[in-house]
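S.K.: Protein chains in written order, with the numbering used here: chain A, 100 to 246; chain B, 36 to 97.
Rather than coming from a laboratory, the hints here were simulated on the basis of the structure. Treat the hints with care, since some could be wrong.
Subject to a maximum C-alpha distance of 30 Å in a straight line, what follows is the list of computed DSS-like cross-link-like pairs (lysine-lysine) [to be verified]:
no.: 1; chain 1: A; residue 1: K238; chain 2: B; residue 2: K41
no.: 2; chain 1: A; residue 1: K111; chain 2: B; residue 2: K38
no.: 3; chain 1: B; residue 1: K41; chain 2: A; residue 2: K207
no.: 4; chain 1: B; residue 1: K68; chain 2: A; residue 2: K233
Residues from chain B that face chain A, not an exhaustive set, calculated with beta carbons under 10 Å [as the list claims (entries may be wrong)]:
no.: 5; residue: M39
no.: 6; residue: A49
no.: 7; residue: S64
Reference listing, derived: stretches of chain A covered by chain B, where coverage requires no fewer than 3 residues with Cβ under 8 Å from a Cβ of chain B [as the list claims (entries may be wrong)]:
no.: 8; stretch: 212–225
no.: 9; stretch: 233–244
On a predicted model such as this, the values are computed, not experimentally measured, just so you know. Glycine included, each C-beta is placed from N, C-alpha and C at the ideal position.
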Amino acid sequence: MSSYSENKTQFKDVKLLCAALQEMGFNASDIEIHSEAQPLIGLGNRQTHYVDSNGDTAHVIIRKDAVMRVAGRRVWNDIGFKRDALTGTYSAILERDSGYTTPGWLMKVSVNYAKRNLIQTAQKQGYRLANNPKSVNSKTELLFVKA
Amino acid sequence: MAKMIKITLDESDASFSVDLTGFHGRGCSDVIKAFADVSQQTKEIHKPEFKETNLNLQRSGR
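Same shape as in the complex, but just chain B (with noise of 0.2 Å):
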C-alpha cells in the first residue's frame, strides 16, 4: 500500500494532527518526528494499527 500522510491543520489554533496510512514500523514515528518539529502544538493521531505494527512489524499499517 502506497504510503500516504493526511495532516489537518485547525485554523482556530494553528495546530495540526498526523494521521499516517500504509506505514510499517519506525517509519511512523520518523514522520511524526519530523512534524512534531514544526509546532509544540503538535496533536498526534494513530490509526490502531499503528500500535499492532509497533508490536510485529509483519502487518500492514491500515
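Chain A extracted, bound-state conformation (with noise of 0.2 Å):
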C-alpha cells in the first residue's frame, strides 16, 4: 500500500515548473503537459484515490519508470502537479513511500522555480544576471544591473 499526499505550490507558469524538474535531473521528455488533468498511476499500474475518491489526476505529469531512474530507487506512484482552475497555481501529488519525494525535495523544485522566476521578471524589467549565482550557506545571491 502507497499514498500520496497533497502540496499547493506558488507554482503557476508551466514552463518554469518543467525546467525546474530538469534542474532536478528528469529529461524534458519525461515530463508530460496535459491540457486536460490525466490520471496518476500507482501499484498494479492502476489509477490511485488518494486525493481524489473519483481518481487521482493531474496536468504535469512524470511517469513512475522515470522517477525510479532518477530516484535510483524502486517507487509505485507517478509524481503529479495539478492546476487550480480558480487560482492557476499548482498542486504537488507526491508519493510519500519511497522517500524520495520528501517535503525537501519539493522545496528544492519551490528553490529552482524561484530562481528562474526572478530571473524572468528582472529580464522583463529590463534588467540582465550580472553574476553567477552559487549558493553558500543555502542562501543564493542574484544581482541584476540595467540591459
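If you follow the hints, you should be able to join the two separate chains into one complex; please do so.
M.R.: Here it is, written out as C-alpha cells:
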C-alpha cells in the first residue's frame, strides 16, 4: 500500500515548472504536460484514489519509471502537479513511501522555480543577470543590472 | 549611480529578499511590486535611503 500527499505550491508558469523539474534530473521527455488532467498511476498500474475519490489526476505528470530512474530506487506512483482552475497554481501530488519525493525534494523544486522566475521577472523589467549565482550557506545571491 | 538589484534567495523556504541600489523615488516601489508577484513569500528589504527618497526625490538612492 502506498500513498500520496497533496501540497499547495506557488507554481503558475508551466514552463518554469518543467525547467525546475529538469534541474532535479528529469529529461524534458520525462515530463508530460496535459491541458486536461490525466490519471495518476500507482501500484498494479491502476489509477490511484488517494487525494480524489474520483481518481487522482494531474496536468503535469512524471511517470514512475522516470522517477525510479532519477531517484535510483523503487517507487510505486507517478509524480503529478494539478492546476487549480481558479487560482492557476499547481498542487504537487507526491508519493510518500519511497522516501524520494519528500518535503525537502519539493522545496528544491520550489527554489529552482523561484530562481528562474526571479531571473525572468528581472529580464522583463529590463535587467540582466550580472553574476554567476552560487549557493553559499543555503542562500543564493542574484545580482541584476540594467541591460 | 547605476541601478542594481540584489536578490537573496533563501533555499530553506524559497523566500527571497530584494535589495535595491541607485533607485530613486517611485522606481523602488515599481521594482518591488514586480518581484512581489513572483511569490507571496517575498520579504522586502529597503535601505534607509529608500525611505528618504520617498520624502525627498532629489536625494540619491544610496
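S.K.: Determine which of the earlier numbered hints do not hold for this structure and return their numbers in increasing order.
M.R.: 7
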